[in-house]
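Participant: Heads up: the sequence shown is residues 0 to 247, going by numbering that gives the first Met the number 0.
Watch out, some of these pointers could steer you wrong.
[As the list claims (entries may be wrong)] Between beta-carbon pairs, the in silico distance windows are:
(1) GLU122 x GLU200: 37 to 43 Å
(2) GLU92 x ASP33: 29 to 35 Å
(3) ILE229 x ASP65: 43 to 49 Å
(4) ASP162 x ALA111: 41 to 47 Å
(5) ILE116 x LYS64: 33 to 39 Å
(6) ASP65 x ILE18: 17 to 23 Å
(7) SER154 x MET218: 21 to 27 Å
(8) ILE229 x LEU88: 39 to 45 Å
(9) SER154 x LYS103: 19 to 25 Å
(10) ASN221 x TYR157: 30 to 36 Å
(11) GLN172 x ASP240: 22 to 28 Å
(12) LEU3 x ASP240: 29 to 35 Å
(13) LYS189 x VAL16: 37 to 43 Å
[As the list claims (entries may be wrong)] For lysine-lysine, the following DSS-like pairs were computed, each having C-alpha atoms within a straight-line distance of at most 25 Å:
(14) LYS143 x LYS114
(15) LYS138 x LYS120
(16) LYS176 x LYS64
(17) LYS226 x LYS4
(18) LYS159 x LYS64
(19) LYS103 x LYS64
(20) LYS108 x LYS136
(21) LYS159 x LYS79
(22) LYS226 x LYS238
(23) LYS189 x LYS136
Because the hints were derived from the structure by calculation, they are not lab data.
What you are looking at is a predicted structure, and each value in this text was computed from that prediction instead of being measured.
Think of the CB as a built atom: it goes at the ideal place given N, C-alpha and C, for glycine as much as any other residue.
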Amino acid sequence: MDNLKRELLNGLSANPVHIPAWYRYDEEGSRLNDICMEQCKWYYFHRFERKILSDILTELIEILKDSRMIVDLGSGNASKTMLILDKLLNTHESLTYVPVDISKDFLSKTAANLKTIYGNKLEIQPIGEEYMAALRKVKTMTDKKIIVWFGSLQSLSYEKQLDVLLEIRNTMQVDDKLLITFDVTDTSRKDIIELSYLDPEGYSESFYLNSIHRLNREMNANVDISKFKIKNELVANSKSDNCSYVNV
Numbered sequence: 000m001d002n003l004k005r006e007l008l009n010g011l012s013a014n015p016v017h018i019p020a021w022y023r024y025d026e027e028g029s030r031l032n033d034i035c036m037e038q039c040k041w042y043y044f045h046r047f048e049r050k051i052l053s054d055i056l057t058e059l060i061e062i063l064k065d066s067r068m069i070v071d072l073g074s075g076n077a078s079k080t081m082l083i084l085d086k087l088l089n090t091h092e093s094l095t096y097v098p099v100d101i102s103k104d105f106l107s108k109t110a111a112n113l114k115t116i117y118g119n120k121l122e123i124q125p126i127g128e129e130y131m132a133a134l135r136k137v138k139t140m141t142d143k144k145i146i147v148w149f150g151s152l153q154s155l156s157y158e159k160q161l162d163v164l165l166e167i168r169n170t171m172q173v174d175d176k177l178l179i180t181f182d183v184t185d186t187s188r189k190d191i192i193e194l195s196y197l198d199p200e201g202y203s204e205s206f207y208l209n210s211i212h213r214l215n216r217e218m219n220a221n222v223d224i225s226k227f228k229i230k231n232e233l234v235a236n237s238k239s240d241n242c243s244y245v246n247v
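All chains, please: the whole structure from these sequences, using the hints.
Facilitator: The following block contains the structure:
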């Protein structure tokens with residue numbers, strides 16, 4: 000049995016029943032996620048990420064100027080990472096770009112698009128794996144690297160946040176750098192946060208339901224979508240050393 004089926008079975012036989020969050024991200028799910036980020040007016044986080052990144056880009060490039068490789072965790076269409084690539088390639092003859100995405104089909108399209116834009120200035124080494132498996136491969140890469148992780152931390156449970164951050168730490172070498180974004184909205188604005196991750200216009204609902212559609216498409220399941228109602232909750236821990244997260 001492959002790892003994908005094993006994780007699915009573990010989740011579907013657990014209490015409570017769950018489907019791994021990464022299972023939403025096949026090619027169709029990745030497309031729906033892009034639509035959600037661009038079209039959903041409630042999802043402030045994506046817009047703020049781009050603005051902050053643009054505002055600090057000159058300062059950021061000065062810090063990253065010695066790096067020769069960018070590892071992009073959850074690369075998607077690489078729209079934010081391209082802001083960094085554009086700047087670095089003004090001063091670098093070439094760079095190695097390692098996009099990591101669970102959807103190999105979507106990853107191939109992103110890699111092909113970037114190759115069209117940057118040509119031979121960008122050597123692309125895509126990894127179609129979930130984060131933990133990908134980071135074990137990245138650990139063997141010896142170039143000075145920037146590991147980029149945009150916007151995914153708050154969608155993981157506290158325990159999973161720790162797992163991924165520890166694996167990133169174990170992957171990094173002395174001269175490597177990490178660029179990571181967090182949603183630091185005050186948890187007293189629970190209504191605003193929950194609206195952004197499950198908008199009333201239905202963009203994100205289509206994305207989340209893709210897990211069920213994918214089960215039906217790929218695993219010969221016959222799950223009735225009409226039986227489901229999508230809910231979400233901001234889980235704010237009382238301990239000061241625990242991060243909050245959004246549970247869908």
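Participant: Which numbered hints are broken by the structure, listed smallest first?
Facilitator: 4, 5, 6, 13, 18, 19, 22, 23
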